[in-house]
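S.K.: Residue strings, one per chain:
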Amino acid sequence: MADASSQIASTVPTRRPGRLREFWTYFKENRGAVMGLYVFIAFVFVALFADLIAPYDPSTQFRSAILQPPVWQDGGTWGFPLGTDALGRDMLSRLIHGARFSFFVGIVVVVVAATGGIFLGLVAGFAPKWLDTLIMRLMDIVLAFPSLLLALVLVAVLGPSLLNAMIAIALVLQPHYVRLTRASVLNERTKDYVIASRVAGAGPLRQMFLTVLPNCLAPIIVQAALSFSTAILDAAALGFLGMGAQPPTPEWGTMLADAREFVLRAWWVVTFPGLAILVTVLAINLMGDGLRDALDPKLKRS
Amino acid sequence: MLKYLLSRLATFVPTFLGVCIVSFGFIRVLPGDPIIVMAGERGMTQERYEALSQQFGFDRPLPIQFWEYFTGVLQGDLGRSFVTNRPVWDEFFSLFPATLELSLCAIIFAIVLGLPAGIIAAVYRGKFFDRALMSTALVGYSMPIFWWALLLIIVFSGNLGWTPVSGRMGLMYFFDDVTGFMLIDSLLSGQSGAFKSAVQHLILPSIVLGTIPLAVIARQTRSAMLEVLSEDYIRTARAKGLSPGRVNGLHALRNAMIPVITVIGLSVGTLLAGAILTETIFSWPGIGKWMVDSIFRRDYPVVQGGLLMIAVIVMIVNLIVDVLYGLINPKIRKR
Chain A
1 MADASSQIAS TVPTRRPGRL REFWTYFKEN RGAVMGLYVF IAFVFVALFA DLIAPYDPST
61 QFRSAILQPP VWQDGGTWGF PLGTDALGRD MLSRLIHGAR FSFFVGIVVV VVAATGGIFL
121 GLVAGFAPKW LDTLIMRLMD IVLAFPSLLL ALVLVAVLGP SLLNAMIAIA LVLQPHYVRL
181 TRASVLNERT KDYVIASRVA GAGPLRQMFL TVLPNCLAPI IVQAALSFST AILDAAALGF
241 LGMGAQPPTP EWGTMLADAR EFVLRAWWVV TFPGLAILVT VLAINLMGDG LRDALDPKLK
301 RS
Chain B
1 MLKYLLSRLA TFVPTFLGVC IVSFGFIRVL PGDPIIVMAG ERGMTQERYE ALSQQFGFDR
61 PLPIQFWEYF TGVLQGDLGR SFVTNRPVWD EFFSLFPATL ELSLCAIIFA IVLGLPAGII
121 AAVYRGKFFD RALMSTALVG YSMPIFWWAL LLIIVFSGNL GWTPVSGRMG LMYFFDDVTG
181 FMLIDSLLSG QSGAFKSAVQ HLILPSIVLG TIPLAVIARQ TRSAMLEVLS EDYIRTARAK
241 GLSPGRVNGL HALRNAMIPV ITVIGLSVGT LLAGAILTET IFSWPGIGKW MVDSIFRRDY
301 PVVQGGLLMI AVIVMIVNLI VDVLYGLINP KIRKR
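Protein sequence lines, in the order shown, are assigned to chains A and B. The UniProt record's numbering numbers the first residue of the first sequence as 1 and each following residue consecutively. The UniProt record's numbering numbers the first residue of the second sequence as 1 and each following residue consecutively.
Treat the hints as calculated values from the structure; they're not laboratory data. Treat the hints with care, as some may be off.
Unchecked claim - Below are the BS3-like pairs computed for lysine-lysine, each with C-alpha atoms no more than 27 Å apart in a straight line:
(1) A:K28 to B:K240
(2) A:K28 to A:K129
(3) B:K240 to B:K127
(4) B:K3 to A:K129
Unchecked claim - A few chain B residues that don't get close to chain A, going by computed Cβ distances all over 10 Å:
(5) T11
(6) G76
(7) P87
(8) C105
(9) F128
(10) K196
Quick caveat: nothing in here was measured; it's all calculated off a predicted structure. Ideal Cβ placement from N, Cα and C applies to all residues, glycine included.
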């Protein structure tokens, strides 16, 4: 008896590869997505160990080296590989520390928006019709405002800071999760396994979180990846407008706002922060595309 | 169709009410008293404070304030700007043509480049051309447009000196507002060089504002074309011996256009949000810059009124897109 059960246990993995492995098989076919993943891992690494990697403190001002060009241009030195800004701060160190803020913004916004959105979506999907209608109308109201504008006004109300920018962005991104979750809940609820679980006596909470939610996760994961990049972009845009992180914080958007007046004199103070935003957002979007292809069962078959 | 129209309108009304409540609510939950902010550093006497408080109705209960605001909104009364003391409604419509002109040019730029790019990519699926186009589209989609604007300024205004950095018109030209569109007004004025100046001022902002819609349209066109190209009637058309140009251009493109048109309609929100950044960078005297300036000046009636007007415009456009969509595609109506 013990023999038989161990035999079954040992044959299971060979017959059906684990979910993660199956996912990886599909994911790695998309070369762009894998590249995006590598860049993202590098970005996370830089964000986590910014203090160790950065050559200088991001707010130290070198008065003798103001607006020094990058090393490959005339007047550049290896002391400041990407040059210095108008206050003589090292661009490279500021960019490295900036990664930390963008990463932080992305994580917090996605966690807040997704948690709230998934919860509201589940409730809307399971609730009686009046509550469902109420929740969806509320979401329609939020969606009627262009997200950046609503975030901007929210931050103006709450007072400009990175924290308030994150709250505002999370709030305007939330309706997408609600809609997505509700749509897949409604789709799943008609299926036999959900009905079976109800017959077996599962309560509404158990049904919501344990029966239905795991089967709705694929599109939500993709949405999480995409809103990570939206969050970084919007936070940088708010910083650029002076409504996000405040100077001297080395946030990429705020750095760009500081650099605006040097647009025609010192290209490097403008180019590098924007390039950092673009590369990060692009990597995450590439990854998101790969995730969608790997998680979407419709595409798998073809 | 009537039933569909009515049901769609039925969702419009509560959303409109909600949008009014949200825009009304902002000014009331703000930390800080708007009247004191208005007085600025000079301060004001207690009587003046009470007189103003009465004038703006801040001394009355909230529901009554809202009712008055709401009935005012329905009559086109959005209050007066703290700074200029002009009606917000008038200010909005004197600036709106500038934003409309910029947005139209941006979306035309996006369609003219995005549609052919998407079609070509779909027809040559998996080839080098497809991959190059779609990688470019993804870069465009990920672009922080405020940075993109600065880069274009560095290259085209700074290094090459081809385009001006800001504004709508060269300073040496002066003529009356007829339509509010610089391109048309400059032609009507008959001044030589005015039209050229208007075009030069428009080029960079249009490219910047059109970049994300361009990427979205290219991607959407490609995927819609791919879907249609695998349909049976396309195979039939090919089997009949029609030329590839006719199959792709006539049979496939027509049916692929439906989702593309939807995307174009829905990009109005993107355009208005993008206008905030684009107009601020290029000092373009439109709604976006007006909103940002008003936020910094704490001109609350303008922020409130502008927020409401923009949301209503987005809602109306979405409604029109939905109705058109239902008109084209009967399947939608039945839901």
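S.K.: Compare the structure with each hint and give your call.
M.R.: Against the structure, the hints come out as follows:
no.: 1; hint: A:K28 to B:K240; in the structure: violated, 40 Å
no.: 2; hint: A:K28 to A:K129; in the structure: violated, 43 Å
no.: 3; hint: B:K240 to B:K127; in the structure: holds, 26 Å
no.: 4; hint: B:K3 to A:K129; in the structure: holds, 20 Å
no.: 5; hint: T11; in the structure: violated, 7 Å
no.: 6; hint: G76; in the structure: holds, 19 Å
no.: 7; hint: P87; in the structure: holds, 20 Å
no.: 8; hint: C105; in the structure: holds, 19 Å
no.: 9; hint: F128; in the structure: holds, 14 Å
no.: 10; hint: K196; in the structure: holds, 23 Å
Hint compliance for this structure: hints 1, 2, 5 are not met, and every other hint is.
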